[in-house]
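Participant: Build out the structure end to end from the sequences listed, making use of the hints.
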Amino acid sequence: PGYDYDVTNEEVLLQLKVLDGEIVVPSGLRYRVLVLPDHKVLSLAALEKVAELLERGATVVGPKPDRLVSLVGGEEAQERFHELASGLWGETPGPEGTKKIGSGRLVWGLNSRELLQRDGVPFDFEAPDVESQSDFETIHYTVEGDDVYFVSNQTDQPQKARFAFRAAGRQPELWDPVTGEI
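Under the numbering used here, the sequence shown has 121 at position 121, and the numbering climbs by one with no breaks.
Hints in this document: simulated from the structure, not taken from any laboratory.
One should not assume that every hint holds.
To be verified - Label pairs and their in silico Cβ distance ranges:
hint, residue 1, residue 2, range
1, E131, P172, 20 to 26 Å
2, D66, E137, 31 to 37 Å
3, P172, G87, 44 to 50 Å
4, E22, Y149, 18 to 24 Å
5, S132, V12, 27 to 33 Å
6, R32, G169, 16 to 22 Å
As the list claims (entries may be wrong) - Below, computed lysine to aspartate or glutamate pairings styled on EDC-like, alpha-carbon distance capped at 16 Å:
hint, residue 1, residue 2
7, K100, E131
8, K40, D20
9, K64, E91
10, K64, E79
11, K17, E55
12, K99, E131
13, K99, E52
14, K64, E83
15, K160, E114
16, K49, E83
17, K17, D38
18, K64, E48
Note that beta-carbon positions come from the ideal geometry of N, C-alpha and C, so glycine has one too.
Facilitator: Below you can see the structure in the form of structure tokens.
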């Protein structure tokens with residue numbers, strides 16, 4: 001809760017670029033952080049791409065990967081994988097750390113929410129008067145310069161709540177998602 005995110009696959013990961021410190025997908029969407037999976041399994045191609053993104057200025061958060069997703073490439077691929085992972089994270093990284101790599105930053109031991117809060121990034125969405133922020137899920141898109149938020153009540157009961165959006169200087173409109181009525 002508080003920040004929006006998307007999940008990607010390796011095919012898209014291998015197409016990512018870095019522009020002005022942000023990670024950019026082929027469609028043009030931009031992200032502040034690339035979060036690696038907690039299961040510590042990556043392909044060699046994915047790990048090489050992570051290294052490239054870091055060199056070019058991306059912020060990557062996640063644990064040191066410890067094994068390849070497949071045996072393709074044999075021992076040579078295994079060795080390259082472990083060399084690259086150790087070169088990025090160190091041989092035995094501590095429970096939490098930050099390392100500058102190229103123009104980028106590698107962070108481990110924190111989740112993306114903790115990192116964004118430490119970096120001073122305000123929440124994208126908040127329901128300040130609600131006991132549990134997980135009562136609401138949001139999706140935030142920018143369409144032709146306009147911020148569009150889809151807010152969904154995740155409880156079984158109707159709720160009355162006050163919302164805060166990270167979209168200053170805008171006049172909000174409430175749209176019915178079924179009819180499109182404003």
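Participant: For each hint, tell me whether it holds in the structure or not.
Facilitator: Hints and how they fare:
1. Take E131 and P172: their Cβ atoms lie about 23 Å apart, and the range 20 to 26 Å holds.
2. Taking 31 to 37 Å as the suggested C-beta distance range, the pair D66 and E137 conforms, at roughly 32 Å.
3. Evaluation of the 44 to 50 Å hint for P172 and G87 yields a pass: the beta carbon distance comes to about 48 Å.
4. The beta-carbon spacing between E22 and Y149, approximately 20 Å, falls within the hinted interval of 18 to 24 Å.
5. Separated by about 32 Å at the C-beta atoms, S132 and V12 satisfy the suggested range of 27 to 33 Å.
6. A hinted range of 16 to 22 Å for the beta carbons of R32 and G169 is consistent with their spacing of about 21 Å.
7. With a C-alpha separation of about 38 Å, the suggested pairing of K100 with E131 is violated against the 16 Å cut-off.
8. Note on K40 and D20: the hinted pairing is violated, with a Cα-Cα distance of about 28 Å set against a maximum of 16 Å.
9. Note on K64 and E91: the hinted pairing holds, with a Cα-Cα distance of about 9 Å set against a maximum of 16 Å.
10. About 15 Å separates the Cα atoms of K64 and E79, which keeps this hinted pair within 16 Å; it holds.
11. Proximity of K17 to E55 is assessed by CA-CA distance (about 11 Å); at most 16 Å being required, the pair is judged to hold.
12. Restraint check: the Cα-Cα separation between K99 and E131 comes to about 36 Å, which exceeds 16 Å; the hinted pair is violated.
13. A threshold of 16 Å between alpha carbons decides the hint, and for K99 with E52 the separation of about 15 Å falls inside it, so the pair holds.
14. Restraint check for K64 and E83: satisfied, since their Cα atoms lie roughly 12 Å apart, inside the 16 Å limit.
15. For the hint pairing K160 with E114, the CA-to-CA distance comes to about 28 Å; that exceeds 16 Å, so the pair is violated.
16. Under the criterion of a C-alpha separation no larger than 16 Å, the hint pairing K49 with E83 is consistent with the structure, at around 15 Å.
17. With a C-alpha separation of about 23 Å, the suggested pair K17 and D38 falls outside the 16 Å cut-off, and the hint is violated.
18. About 13 Å separates the Cα atoms of K64 and E48, which keeps this hinted pair within 16 Å; it holds.
In summary, the structure is inconsistent with hints 7, 8, 12, 15 and 17 from the numbered list given earlier, while agreeing with the others.
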